[in-house]
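J.: Okay, here's what each chain looks like letter by letter:
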Amino acid sequence: MTTEAEATPRGLAIICYSGELEKTWAAMILASTAAAMGMPTKVFVTFWGLQTFVKPEKRVTGKNWMQKMLSIMSRPGIAHRKLSKMNFLGMGPWMMFQLAKQYGVSKPAELLEAAAAMGVEFVPCQMTMDMFGLTREDLIDGMGEPVGAATYLSYVAEGSAPIFI
Amino acid sequence: MAADVQVDAKGLNCPMPIVKTAQAIKGLTSGQLLEVLATDPGSVKDFAAWAKTTGNELVEQTVDGGVYRFVMRKK
Chain A
1 MTTEAEATPR GLAIICYSGE LEKTWAAMIL ASTAAAMGMP TKVFVTFWGL QTFVKPEKRV
61 TGKNWMQKML SIMSRPGIAH RKLSKMNFLG MGPWMMFQLA KQYGVSKPAE LLEAAAAMGV
121 EFVPCQMTMD MFGLTREDLI DGMGEPVGAA TYLSYVAEGS APIFI
Chain B
1 MAADVQVDAK GLNCPMPIVK TAQAIKGLTS GQLLEVLATD PGSVKDFAAW AKTTGNELVE
61 QTVDGGVYRF VMRKK
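Quick mapping for you: the protein sequence lines, in order, are chains A and B. Taking this note's numbering as reference, the numbering of the first sequence is continuous, increasing by one, and the terminal residue is 165. Taking this note's numbering as reference, the numbering of the second sequence is continuous, increasing by one, and the terminal residue is 75.
Mixed in with the good hints there might be a few duds.
[As the list claims (entries may be wrong)] Listed below are the simulated DSS-like cross-link pairs for lysine-lysine, each with C-alpha atoms no more than 30 Å apart in a straight line:
| no. | chain 1 | residue 1 | chain 2 | residue 2 |
| --- | --- | --- | --- | --- |
| 1 | B | 75 | A | 63 |
| 2 | B | 75 | A | 101 |
| 3 | A | 23 | B | 75 |
| 4 | B | 45 | A | 58 |
[To be verified] In silico contact screen, one side only, chain B against chain A (beta carbon under 10 Å); selected entries:
| no. | residue |
| --- | --- |
| 5 | 13 |
| 6 | 14 |
| 7 | 32 |
| 8 | 35 |
| 9 | 37 |
| 10 | 41 |
| 11 | 48 |
| 12 | 50 |
| 13 | 55 |
Read the hints as simulated data drawn from the structure, not as lab findings. We put the CB at the ideal spot given by N, CA and C, even for glycine.
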């Protein structure tokens, strides 16, 4: 048992691809719990997932009209995630948050804060930033250097378990 | 068994009892005891799994009126 206890557990490498509320929630639960388990944890944030990591005060992001339109059509920020089904103009998420409160379930934003405090590294995808016209200033503080798929795969190659959400 | 630090995770659901435990145990030195109170029935299996993976020892586990009590010794 001692040797097992001495060893650092296997790392976790999450791809946070979806910007939907339920998947964002799952990603934040796994990231915070993995850190609590002592697993070195990295979250590669790409495509719609990157919208979750835009600073709350940012309303319109992007450089050209298409990028701006996309951010207007789908409000960025962790507090504005929509359910993939039964969103009903925000009624669905509202009910989910009411139930979460009733059952002592932490919101994605709280889990993100806990995960970051425990050393989870959130790494933005450079390609997505380019495509959506996002700058590092648009993203929440404390994120890592923007990287590509090869860097994510190097985490897996080095032994971290991959999870795609 | 008197604990050095106590965490009240009553009313909190997965994964917060474990997250709060991990955060609290950081402040302890090796051999010190941490006591956690929780009401999440899933925490029984979760604390065993957490202890096994992190190497901290689960030295005591009791339940009283729906409140689960875990005592862990920091490795």
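J.: Each hint: holds or not?
T.: Okay, the hints, checked on the actual structure:
no., hint, result
1, 75(B) - 63(A), "violated, 52 Å"
2, 75(B) - 101(A), "violated, 34 Å"
3, 23(A) - 75(B), "violated, 34 Å"
4, 45(B) - 58(A), "violated, 41 Å"
5, 13, "holds, 4 Å"
6, 14, "holds, 7 Å"
7, 32, "violated, 16 Å"
8, 35, "violated, 17 Å"
9, 37, "violated, 13 Å"
10, 41, "violated, 12 Å"
11, 48, "violated, 12 Å"
12, 50, "holds, 6 Å"
13, 55, "holds, 3 Å"
Checked against the numbered hints given earlier, this structure breaks hints 1, 2, 3, 4, 7, 8, 9, 10 and 11; the rest are met.
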